[in-house]
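Student: In the working numbering, each residue's number is its place in the first sequence (first place is 1) plus 94.
No wet-lab data here; the hints were simulated from the structure.
Yeah, the Cβ is synthetic: ideal placement off N, Cα and C, and Gly gets one too.
Worth double-checking, as some hints may not be accurate.
[To be verified] Quick list of simulated restraints, FRET-style, between CB atoms:
{"hint": "1", "residue 1": "Ile545", "residue 2": "Glu708", "range": "41 to 49 Å"}
{"hint": "2", "residue 1": "Glu874", "residue 2": "His945", "range": "36 to 44 Å"}
{"hint": "3", "residue 1": "Lys569", "residue 2": "Ser478", "range": "41 to 49 Å"}
{"hint": "4", "residue 1": "Glu901", "residue 2": "Glu708", "range": "40 to 48 Å"}
{"hint": "5", "residue 1": "Glu874", "residue 2": "Ala794", "range": "25 to 33 Å"}
{"hint": "6", "residue 1": "Ile228", "residue 2": "Glu874", "range": "39 to 47 Å"}
{"hint": "7", "residue 1": "Glu364", "residue 2": "Ile228", "range": "57 to 65 Å"}
{"hint": "8", "residue 1": "Phe180", "residue 2": "Thr941", "range": "48 to 56 Å"}
{"hint": "9", "residue 1": "Arg985", "residue 2": "Thr941", "range": "40 to 48 Å"}
{"hint": "10", "residue 1": "Asp761", "residue 2": "Gln116", "range": "46 to 54 Å"}
[As the list claims (entries may be wrong)] As a list, the in silico SDA-like pairs of lysine to any residue whose alpha-carbon atoms are at most 20 Å apart:
{"hint": "11", "residue 1": "Lys201", "residue 2": "Ser282"}
{"hint": "12", "residue 1": "Lys234", "residue 2": "Gln712"}
{"hint": "13", "residue 1": "Lys98", "residue 2": "Ser835"}
{"hint": "14", "residue 1": "Lys875", "residue 2": "Gln203"}
{"hint": "15", "residue 1": "Lys766", "residue 2": "Lys875"}
{"hint": "16", "residue 1": "Lys698", "residue 2": "Ser734"}
{"hint": "17", "residue 1": "Lys875", "residue 2": "Ser282"}
{"hint": "18", "residue 1": "Lys620", "residue 2": "Ala600"}
{"hint": "19", "residue 1": "Lys98", "residue 2": "Pro1003"}
{"hint": "20", "residue 1": "Lys437", "residue 2": "Lys498"}
{"hint": "21", "residue 1": "Lys133", "residue 2": "Glu120"}
{"hint": "22", "residue 1": "Lys498", "residue 2": "His197"}
{"hint": "23", "residue 1": "Lys578", "residue 2": "Glu599"}
{"hint": "24", "residue 1": "Lys274", "residue 2": "Thr106"}
{"hint": "25", "residue 1": "Lys641", "residue 2": "Leu586"}
{"hint": "26", "residue 1": "Lys469", "residue 2": "Leu481"}
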Amino acid sequence: MDYKNTINLPSTDFPMKASLPQKEPELLKRWESEKLYEKITASGHGKPKFILHDGPPYANGHIHIGTALNKILKDIIIKSKTMSGFATNYIPGWDCHGLPIEHNVEKQQGRARGTSQLETRKACRAYAEKFIAIQREEFKRLGVLGDWNNPYLTMSNGYTATIVREFGKFVAAGSVYKRKKPIQWCASCRTALAEAEVEYENHRSPSIYVKFPLVSDISTIIPQLAGKNVSVLIWTTTPWTIPANLAISLHPDFDYVAVAVDEDIYLIAEGLLERTMQECGIQQYAVIARCKGAQLERHSCKHPLYERQSLLILGTHVTLDAGTGCVHTAPGHGQEDYEIGLKYGLDIFAPVDDAGCFTAEVDHVAGQFVFDANKPINTMLAKSGALVAEREIEHSYPHCWRCKKPVIFRATEQWFISMEKNNLRTRAMECIERIQWIPRWGIDRISGMVINRPDWCLSRQRVWGVPIVAFYCTKCKGLLLDQKIINHVADLFEQEGSDIWFYREASQLVPNGTVCPHCGNTTFEKETDILDVWFDSGVSHAAVLEKRPELESPCDLYLEGSDQHRGWFQSSLLTCVGTRGRAPFRAVLTHGFVVDGKGEKMAKSKGNVISPDEVIRQYGAEVLRLWVASENYQEDMRISPDILKRLSEAYRKIRNTWRFMLGNLSDFDPAKDMVPYSDIHEIDRWALMRFNQLIRRVRAAYEQYEFHTVYHSIANFCITDMSAVYLDILKDRLYCSAAGSPERRAAQSTLYIILKGLLELLAPILSFTADEAWIYLPGEKAESVHLSSFPEVQAAYDDPSLAERWETLLRVRDIVLKQLEQARVGKLIGNSLEAAVRITAPPAITTLLEHYGNALADMFIVSRVELTRGHTAVAGSSEKQIDAVQAAVFRVGGNKCQRCWKYYTPGNPQICERCAAALQAS
RNA sequence: GGGCCUGUAGCUCAGUAGGUAAGAGCGUACGCCUGAUAAGCGUAAGGUCGGUAGUUCAAAUCUACCCAGGCCCA
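All chains, please: the whole structure from these sequences, using the hints.
Tutor: Right, dumping it as structure tokens:
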């Protein structure tokens, strides 16, 4: 007789092979048609809210692994909060304006100069829409649930109106001002360039050394120099900026030397002395004095070309890499020059027009193109005796991406929000203190940035963005900047969109009857600058959190990469503090960046880029989700083909464990067959106890957003507690007991509780598989695992004395297992059921083991266990007691039961008594 | 160059307030099973805790410096 047909083997349609790349889209379709997201939000009625506000990704290109990581993390958090009993929702958004899109559109449009601003904006909008549609599908494919049909877009009419109104609030508060600031400028295209539009190429430039005679008497500092011709020697590669020179920067800590050359004395940094003398072709020189840079602060030189002075100032940007250590400073023509210029209250002087020509302000070279003016300026310097040396060098210099010509740095009027006005900086710092930053060092990072940041430069000389709503009087050129007018325009944007700014005349934009407050004139011109896109996304708290009834401000959490301490977190904080006096979030969580297997940045040139699409096609989105959960996102996250392969194997292990559990529940109906806790076996209680610990641990980990702890805990539980111990031992009871017997039902009851709980605990991470397995789970249940909730910790399952007993039992089991392996190596046995084991243990342990009787054999999966009480009691710790346990393995005698394969003392012909009884029962 | 952060077995993670010979899972090797079977089980081998120098009776855990890497600035 073939007894295989008489045992209860596992049976399930839940496939072993996941086929995720094919299966996931089917599940997604089902979720969508069954309106899973809507049901989840509906189920939140009456529960406390948890609001995570989505930071808008930029609507450009396909998603990359970093965007996928970000969205999956958000999804895991929202799902875990839902299952922890919160009302949740997820409103995704997109950042739509800005240079990269405009830039790409311009590239597509080619060099057609005739393109109007409106046409460009239209093309930009279409471009953004295209990528929003693409990214939306890509995000959905990851298993991210959300209100994908109603996302927020920073280019929508309502949103742009909010942007303008928020700008108006800053205006009303007096925080907005205009000031010159140097930017990259292409004189041939007559346009401002962003950093991304600048290409660095080699360029030949003049290299000149110029002396600026000291007019201050510094003999009080360096007596040796009394009555001498002392000059500060500078070096520059842009002679055309000399007319705009207002200062010379020195490093406060550097040593400067006074060098006598013929009749002159030059001041230069000691560390650059030899090099400078060599460059200037000076052989004869002598150091006659020295001092610290700091000592020279606020002394003055005479400008070599004009009747004005040049101030000696101090800055740590001065280096000993090149030059003289005395840095020619023109605040209107250099970033660092500008910053230090502000510090010393210097004029941001840039006497150069849009075409790159000197204005009439400058004598001698007025009207000349700056690069053409280099030569005449050098000649003039030579004439006045200020030119110490002149040569040419080749160096890397910024060029325009479009016309390939060298660009200039030039101060132009820009719009700012003051960090000091209304104490914005101070108040922001106070708010930062009250926010929860995860990880904790986030507070140091953002504090450092807010303390040091300059005023916020709001303006961009671009078209694809929200206009800065300001007007200029056509008569007196005075500025018209007024909250009422701004709000009027915002209303127009709300109704007709911000394009209106570009096709309507100013007269059609200002309210009727608007007059210039300076001269009473009634005609105006529009401002042409647009707002920095960080202002767009920064006001999402106003445009989204405050506008949507399902949201609220402040919300619970913002979650982005750690680069957003400078970006969105800060722009959101500043716009909210500036207008509402508080932060828009209660907590901010950051994740690290995705790097390759070696911890290095991913780059096309390195060939180490892994795209989400690749992973999905090869393994499925589920494995990507598992990857997100498996690593600690607070640090940089490594990804490589090898890591993914490992993970997909871990996935299979978890899946198989679930499948085995499902297979053994095929004939189990919890409504009818559930065995109460009081009647299940001790090992079942052990399993529940371990599971209870898991629930506790996992729920705490979710609460602290530590998903790698969730993953490791559950994986370990499935692999060790379940697969290697409980399930392996349980097979005999499940397979060989009569199908409806109390002992089998007890095992199934335990399996059911644990499996259901495992699916729930892992649903936020393995969203696809947990829901797939959920379908096969027997009994009454929610429609989807995502509509269920996390299992509760059951105080009844905790049993400290049972825990202690099983600690010992499992230690003894390890000892037995080792001996069984020895027996296998010695060819004494193959299958462990061919073994009988004699255990010799100290009395205390023997007493414990005796208590379990025949169950011990099942626990070790052998056919027989004999106990021998050790002669001497072992004193001391339980550790020592266990070390004293010995196990001896023998080949078991008797017959092999044809049904359960255990060996038994002959009696029945083919099967053991237990099996005979089981057969009778069924 | 500056600010913030990271560096424990091949991989992903644990290592409590410094204190007995540094742990887990995976992977690897070897073996068992063939009633979870493109599965399951077992045993074993892997680490001078990035490096150096300190503080201490004692450091993976504290300090300094260095190296490698990341983000943001310059």
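Student: Could you run down the list of hints and mark each one as holding or not?
Tutor: The hints, checked one at a time:
1. Under the hint 41 to 49 Å, the C-beta atoms of Ile545 and Glu708, about 42 Å apart, fit the expected range.
2. As the Cβ distance of Glu874 to His945 is approximately 38 Å, the hint placing it in 36 to 44 Å holds.
3. Between Lys569 and Ser478 the beta carbons are some 43 Å apart, a value that agrees with the proposed interval 41 to 49 Å.
4. Range check, Glu901 to Glu708: Cβ separation about 45 Å, and the 40 to 48 Å hint holds.
5. A hinted range of 25 to 33 Å holds for the C-beta pair Glu874 and Ala794, which are about 29 Å apart.
6. Separated by about 41 Å at the C-beta atoms, Ile228 and Glu874 satisfy the suggested range of 39 to 47 Å.
7. Between Glu364 and Ile228 the C-beta distance comes to about 59 Å, which sits within the given range of 57 to 65 Å.
8. In this structure the supplied range 48 to 56 Å holds for Phe180 paired with Thr941, their Cβ-Cβ distance being about 50 Å.
9. Between Arg985 and Thr941 the beta carbons are some 28 Å apart, a value that contradicts the proposed interval 40 to 48 Å.
10. In this structure the supplied range 46 to 54 Å is violated for Asp761 paired with Gln116, their Cβ-Cβ distance being about 30 Å.
11. Between Lys201 and Ser282 the alpha-carbon distance is near 18 Å, which keeps this suggested pair within the 20 Å criterion.
12. With a CA separation close to 18 Å, the supplied pair Lys234 and Gln712 stays within the 20 Å bound.
13. A hinted pair counts as satisfied when its Cα atoms are at most 20 Å apart, and Lys98 with Ser835 qualifies at roughly 18 Å.
14. As the CA atoms of Lys875 and Gln203 are separated by approximately 57 Å, the hinted pair breaks the 20 Å bound.
15. Proposed proximity of Lys766 and Lys875 is supported: the alpha carbons are some 15 Å apart, at most 20 Å.
16. As the CA atoms of Lys698 and Ser734 are separated by approximately 14 Å, the hinted pair is consistent with the 20 Å bound.
17. Restraint check for Lys875 and Ser282: not satisfied, since their Cα atoms lie roughly 70 Å apart, outside the 20 Å limit.
18. With a C-alpha separation of about 6 Å, the suggested pair Lys620 and Ala600 falls inside the 20 Å cut-off, and the hint holds.
19. Taken as a hint, the Lys98 and Pro1003 pair is honoured in the structure, with Cα atoms around 17 Å apart against an allowance of 20 Å.
20. For the given pair, Lys437 sits about 34 Å from Lys498 by alpha-carbon distance, which is inconsistent with the 20 Å threshold.
21. Proposed proximity of Lys133 and Glu120 is supported: the alpha carbons are some 19 Å apart, at most 20 Å.
22. For the hint pairing Lys498 with His197, the CA-to-CA distance comes to about 15 Å; that is within 20 Å, so the pair holds.
23. For the proposed pair Lys578 and Glu599, the alpha carbon gap of about 18 Å is at most 20 Å, so the pair holds.
24. Pair hint Lys274 plus Thr106 does not hold up; C-alpha atoms about 73 Å apart against a cutoff of 20 Å.
25. Straight-line distance between C-alpha atoms of Lys641 and Leu586 comes to about 18 Å, which keeps the hinted pair within the 20 Å bound.
26. Taking the CA atoms of Lys469 and Leu481, the gap is about 12 Å. The hint holds against a cut of 20 Å.
Violation of the numbered hints given earlier is confined to hints 9, 10, 14, 17, 20, 24; the remaining hints are satisfied by the structure.
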